[in-house]
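Given these sequences and hints, build the entire structure.
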Amino acid sequence: METRLFKEDDLERQNIFAKEIANHMEEMTKNQNIKKILIVGLGNSKATPDSLGPKVAEQIEILPNVYCLAPGVLAQTGMETFSIVKGITAQMKPDIIIAIDSLAARNVRRITTTIQLTDTGITPGSGIGNHRKGLNEQSLNTKVIAIGVPMVVSGATIVNDTMEKLLEILASHNQNNSISNIFKDYTSDEKYQLFEELLSEDTEQMFVTPKDIDEIVDNLSKIIACGINMFCNVLK
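The numbers in full-length UniProt numbering rise by one with no breaks, and the one at position 137 of the sequence shown is 137.
None of these hints come from the bench; they were simulated from the model. A hint or two may mislead.
Calculated lysine-lysine pairs in the DSBU-like style (CA-CA distance at most 30 Å, straight line) [unchecked claim]:
no., residue 1, residue 2
1, LYS143, LYS191
2, LYS35, LYS165
3, LYS93, LYS222
4, LYS133, LYS165
5, LYS165, LYS93
6, LYS222, LYS165
7, LYS7, LYS46
8, LYS46, LYS165
9, LYS86, LYS143
10, LYS133, LYS93
11, LYS191, LYS165
Computed from a prediction, not measured in an experiment: that's the story for all the values here.
Written out as structure tokens, the structure reads:
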């Protein structure tokens, strides 16, 4: 799902988006007999761009067959997120896990404008290079639906997107432009890797987020929580 309207505090639109999320989850689980659901709000509640998961968890309607937790991050608990979720999964034996997390965008245009749903799981922290063990069906023996929203973008991505636009402009004005010709055989991934390598150590680990991220996280958490609640209420 992609639209800039996610950012707006419009209850009617939020309900429409929430219903779309619920419909997608119903489609992803249509052949599965679901009796127990575990919802996991991943991320750091103290860091606004990373607080989407915990904020969604706060708004989940707890039912007899719906469990919810926000396990925090390693720096807060001293425990790996995977270990916490694995232990609770072994104890509660849910039929499905729904994990919500903030992501890092690989395109500036997608930051806070995309809600991604997948049934292949999620790896907490991978977007910013903090690789942890993934939450997926193979590692947890339980199907995992991951819901993610790009909340930050790396310095390399900003440089890459800016250079892409510059090269397009140069090429449109002069087909024989030497600068654009240098990069014409590079793939998008190769150009990104080049710009990432050119950045100094001071900027290569820099991540940027919108100035109104507080409001955006609040609105998106409402949409996602409402969609999950709709999905769970259909199953109860």
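Within 30 Å, alpha carbon to alpha carbon, are LYS133 and LYS165?
violated, 36 Å
Are LYS93 and LYS222 close enough, with their CA atoms no more than 30 Å apart?
holds, 27 Å
Taking 30 Å as the top limit, are the C-alpha atoms of LYS86 and LYS143 close enough?
holds, 13 Å
Quickly compare the C-alpha distance for LYS191 and LYS165 to 30 Å and report which way the hint goes.
holds, 13 Å
Would the pair LYS222 and LYS165 pass a check requiring their Cα atoms to be no farther apart than 30 Å?
Violated. LYS222 to LYS165 sits at ~34 Å, over the 30 Å cutoff.
Please verify whether LYS143 and LYS191 have alpha carbons no more than 30 Å apart.
violated, 36 Å
With a cut-off of 30 Å on the C-alpha distance, tell me whether LYS35 and LYS165 pass.
violated, 50 Å
For the pair we were handed, LYS133 and LYS93, check the Cα-Cα distance against 30 Å.
holds, 20 Å
Satisfaction of hint between LYS93 and LYS165, Cα-Cα up to 30 Å:
Violated: LYS165 and LYS93 sit about 50 Å apart, past 30 Å.
Check whether the Cα positions of LYS46 and LYS165 lie no farther apart than 30 Å.
Outside the cut-off at roughly 35 Å; violated.
Check whether the Cα positions of LYS7 and LYS46 lie no farther apart than 30 Å.
holds, 21 Å
The structure shown violates the earlier hints numbered 1, 2, 4, 5, 6, 8.
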